[in-house]
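Asks: Protein chains in written order, with the working numbering: chain A, 1078 to 1230; chain B, -15 to 243.
There could be a bad hint or two in this list.
[Claimed, not checked] What the simulated footprint calls covered on chain A by chain B, stretch by stretch (three residues with Cβ under 8 angstroms from a Cβ of chain B suffice, anywhere in the stretch; the number is not a length): (1) 1081 to 1087; (2) 1218 to 1227.
[Claimed, not checked] Some chain A residues judged to face chain B by a derived CB distance under 10 angstroms, without partners named: (3) 1091; (4) 1094; (5) 1136; (6) 1137; (7) 1138; (8) 1212; (9) 1214.
Treat the hints as calculated values from the structure; they're not laboratory data.
Even glycine gets a Cβ: it sits at the ideal position worked out from N, Cα and C.
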Amino acid sequence: MHKRWIEISVGLMLVAGVAALLSLALQVSGGHLTRSADRYPIDALFENAAGLAPKAQVTLAGVTVGEVVAVVIDPQTLMAKVQMQINGEVNYLSIDSSASILTAGLLGEKYVGLTVGAEDEVLEAGDMIEDTQSALVLEELIGQFLLNLGDSN
Amino acid sequence: MINLVVALGEQLLQRLALMGQALLMLVQSLRVLPGKHGLSRLTQQLYVVGVQSLIIMLVSALFIGMVLGLQGYTLLSAYGSEQAVGQMVALTLVRELSPVVAALLFAGRAGSALTAEIGLMKATEQLASLEMFGVDPLHRIVAPRFLAGLICLPILVAIFSLVGIYGGHIVAVDWLGVYSGSYWGNMQQAVDFGEDVINGMIKALVFAFVVSWIALYQGYSCVPTSQGISTATTRTVVYSSLAILGFDFILTALMFGGA
């Protein structure tokens, strides 16, 4: 009887452990396990990608459709090349889509916002988005503001 | 001067020999896989090491989660972003606190008991008589305890994390009134299963290995007197705690340090 109780309680502990791990996967990390399954890469050249980091969200009309994989310098143009992975089911981004670096809230994280254009042709894996709008750099804005102030006087 | 160098070298060699002994003990005890009876001995040890540590783990996890929820709320509400408390509680627990605190408790609760048990077996010459019967005490006594430690701690850590997160939920959501949806939503956005949960589990596995190893070696090599057993038990707790904290820094640097 005693031995049976030991076996049952050990079994219960194992089950509880597996259940806890499963719940950590689904409830706590939101089941992110399978997301890398079906995605395609898109690049975009920005003049300034300040504050944009890998794993930042890529959104279309506010809905997350992918994530930033890497931010590197493009050696030819010396601009920031942002490499993104877009979910496979989002296959309707026209080739004249534009990308801009936006900020969530006043001090929030940077993310990439996509806007779809009017062309019928769509972006394929590895294509480059030409029409981009850079990140806002606070110091530059303040500098511009002071310059304008000086001009108006 | 020469004497000093000689003494230093002697000390160094002694330490090296101890480490060698510990490694040999581990290799020898795990050389043969446990058979059918081994499984029932393993179950017995899983009960002693794991199930009996469950209560202390659950209670500490609940309180640690509640404290994190409370501290996080006070800190974050100063910036008007108390919705992020779920994310803070979950990341702190999953990445750091669960593996480390659970391993420290494990060293105190299970590790010291293992050392004392084996030390007493040695003092009362049970190990020697096993050997006389032709039974390898390493295989019979040490191996199931080591495997049990290795299996139990990751399970306990997973339970610890989950209970802690619910503890934070009790304080932040049920008591302080953070919206439940943003508690879970922010958490799900911030916590990555591969990067955070699995890395926490890897930490737990490393700590389990280190704590069980230290506990068993200290018991197996202790001076077989009551004084010796008490020293060995103290050493188990002290060495395990230091090893856990040291390894935690190294593992954190490896896992999360590189940008």
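Asks: Now, for every hint given, state plainly whether the structure supports it.
Replies: Each hint tested on the structure:
Coverage of the segment 1081 to 1087 of chain A by chain B holds in this model, with 4 residues showing a Cβ closer than 8 angstroms to a Cβ of that chain against a need of three. As drawn, the segment 1218 to 1227 of chain A meets chain B at 0 residues by the rule of a beta-carbon pair under 8 angstroms; below three, the given contact is violated. Given the 10 angstroms rule on beta carbons, the hint for residue 1091 of chain A holds: about 7 angstroms separates it from the nearest Cβ of chain B. A least Cβ separation of about 3 angstroms between residue 1094 of chain A and chain B falls short of the 10 angstroms threshold, and the interface hint therefore holds.
For residue 1136 of chain A, the interface hint is violated, the least distance from its beta-carbon to any beta-carbon of chain B being 13 angstroms, above 10 angstroms. At its closest, the beta carbon of residue 1137 of chain A sits 17 angstroms from a beta carbon of chain B; the interface hint therefore is violated under the 10 angstroms criterion. The interface hint given for residue 1138 of chain A is violated, since its Cβ lies 18 angstroms from the closest Cβ of chain B, which is over the 10 angstroms cut-off. Taking 10 angstroms as the C-beta contact cut-off toward chain B, the hint placing residue 1212 of chain A at the interface is violated, the least distance being around 19 angstroms.
At about 21 angstroms, the closest approach between the beta carbon of residue 1214 of chain A and any beta carbon in chain B exceeds 10 angstroms, and the interface hint on this residue is violated.
When held up to the earlier numbered hints, the structure conflicts with 2, 5, 6, 7, 8, 9 and fits the remainder.
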